[in-house]
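As they're listed, the protein sequences go chains L and U.
2 is the number of the first residue of the first sequence in this note's numbering; add one for each residue after it.
182 is the number of the first residue of the second sequence in this note's numbering; add one for each residue after it.
Hints were generated in silico from the structure; no laboratory data involved.
Check the hints yourself; a few may be wrong.
As the list claims (entries may be wrong) - Listed next, the in silico DSBU-like pairs over lysine-lysine satisfying Cα-Cα at most 30 angstroms (straight line): (1) 102(L) / 74(L); (2) 304(U) / 74(L); (3) 444(U) / 102(L); (4) 558(U) / 444(U); (5) 11(L) / 304(U); (6) 343(U) / 102(L); (7) 135(L) / 338(U); (8) 495(U) / 367(U); (9) 135(L) / 343(U); (10) 227(U) / 558(U); (11) 102(L) / 338(U).
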Amino acid sequence: MVDQSLSVPKYWRRIPQYYRLTALKCRKCGRVYFPPRAICDCGSREFDEVELPRRGRLIEFTVLRSVTSDFEKQRPLIFGIVDLNGVRVLGQLVDCPNPEKLSDNAEVEVVFRRVKEDSDYGIIYYGFKLRPLKGCW
Amino acid sequence: MGISALGYINGVHVIPPGRYYDKGYRELFAEAALKALESAGNPDIKAIYIASALSELTGEQLAIGNILRDYSGIRNAPSIRVENGDGSGGFAFMVALNHVASMNDGCVLLVGIDKPHEVTSLKQNKYASYLLDSDYESYFGATPVVLAALMAKQYLKNYEYKYEDLAAWAIKMHERGAKTPFAYFKRAAKLKDVLESELVADPLRLYDVSPFVDGAAALVLCSKPNTRDQAVGVLGYGFGASNSYFASRNDYTALMSVIEAVKAFNPLNDFNGIVSVHDTYSILGVLALESLGLCKRGSALRLLNEGYFDPGGKVMVNLDGGLKAVGNSMGASGVYQLASATMQLRGDKPFNGLNAEAAVVEDMVGVDQESVVFMLKVVK
Ligand SMILES: [Zn+2]
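Excised from the complex, chain L in its bound form (with noise of 0.2 angstroms):
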């Protein structure tokens, strides 16, 4: 149980980025940082929450047949860098049973899924991934 309560502050505090996407976009020079940082590179240390678009294109993805053991369950998993509006993001695509029917710069939006099952002690983690709109199968 002590490791339980351990672990779940480190998901919960996370949960705006893992559901809504959620980056800062500097109030001086306007760049959008997700991941969230402390600081921009032009120096300034103020930023406004915005969420990112949830529409946006494949820049590039491969399929991982090797996974680790919270994932064995969802072998194979696509993973993809998506470009939304400027931002790039790594994200599971979803949705997509013949991967190599996907196209260059195929359109996708974001979904909200399941993530994983915590494979020691069962707690389910969700948060965002990426579904090609046009499908492909």
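Add chain U with the ligand to chain L, keeping to what the hints say.
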């Protein structure tokens, strides 16, 4: 002598990497440390630097220094453990080097040690995923091979290479490993073997991935050269870092941390000698050659296939077979590279007859997190 070095590598020893089910951290440490000290003439040691990424994860041991020291009977020197993932070895060497450079006359011991085979491969993958950002990358199941695969796909596409061109890395590393006494893989591989090996993360196959191995490698680093041997000095080093969040990087076909690190030296485009790159994945070895400035962007794979980086040439890359053949001993891997480069410069068998005077050794943390690059030279 003419050359002033930050420190001198006066003794080395490497344990052949493998799966040591019958030996723990302490046994491997003692074997590597005591033989390295012996080869340096058993000097007094001012500090013990331990490079390890996994000692608490797979060894379930914090404060491992005194356990290792006591077992090995090395007294009267503090132990300092350095953890920086699979780059621990290079970073520990950097700290040890600065320690030695601050002394008039003295030596320190550096041991790189890790035992990934204390746990199953699923657990090994999980621990390797800790090399990524645990909150924003590994949380979603990403591992280092995912990032390497994305880079490989972009590189092959941008520079119009086929996967067969990349397969040359594994083939050449296996060929070299077959002649290296301490390599983990000691057999040659054919193109067919590589092409038929299982996909890990496309385009990367099993042969593109360095195998996890248990290992320990040790160096004795001193402020003065050991006169009994042809001395190897460390002339300098450079450090560099890239964006920690992979997707936010501007360029997926270059290693920014290596480009930054190598700025510490004159441009390496005319470099002549030995090069050791941290090829945890084939593509990272290829990209390191370009990011070190040894050849133009996009040209490394062509040059590799043409034999430009083979033994006997101007730039001899991973003469021992690299991490691909020697194995990926995580926190120890950089110490293996440095020990091996020292043996290559000294002309120890089977590296005799190379007549190389300088070596560039590149160690990297994860997939382009941080890198450190060293320049080693024979001091006559
Ligand atoms: Zn700014």
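For the pair supplied as a hint, residue 135(L) and residue 338(U), confirm whether the alpha-carbon distance does not exceed 30 angstroms. Holds: residue 135(L) and residue 338(U) sit about 23 angstroms apart, inside 30 angstroms.
Given the proposed pairing of residue 135(L) with residue 343(U), does the C-alpha separation stay at or below 30 angstroms? The given pair, whose Cα atoms are some 28 angstroms apart, holds under the 30 angstroms limit.
Does residue 338(U) lie within 30 angstroms of residue 102(L) when you go C-alpha to C-alpha? holds (17 angstroms)
For the pair supplied as a hint, residue 304(U) and residue 74(L), is the alpha-carbon distance within the 30 angstroms limit? holds (15 angstroms)
Decide if the proposed pair is consistent with the structure: residue 102(L) and residue 74(L), CA atoms, cutoff 30 angstroms inclusive. holds (23 angstroms)
For the pair supplied as a hint, residue 495(U) and residue 367(U), confirm whether the alpha-carbon distance does not exceed 30 angstroms. At roughly 25 angstroms apart (the allowed maximum being 30 angstroms), residue 367(U) and residue 495(U) satisfy the hint.
Is the hinted pair residue 444(U) and residue 102(L) satisfied, with a Cα-Cα distance of at most 30 angstroms? violated (42 angstroms)
Against the 30 angstroms threshold, does the CA-CA distance of residue 11(L) and residue 304(U) hold or violate the hint? Cα-Cα ~20 angstroms, so holds.
Quick one, are residue 558(U) and residue 444(U) close enough, alpha carbons at most 30 angstroms? Holds, at about 18 angstroms.
Hint consistency between residue 343(U) and residue 102(L) [alpha-carbon to alpha-carbon, up to 30 angstroms]: At roughly 19 angstroms apart (the allowed maximum being 30 angstroms), residue 102(L) and residue 343(U) satisfy the hint.
Pair hint residue 227(U) and residue 558(U), alpha-carbon separation not exceeding 30 angstroms: Status holds; Cα separation ~24 angstroms.
In summary, the one numbered hint that this structure violates is 3.
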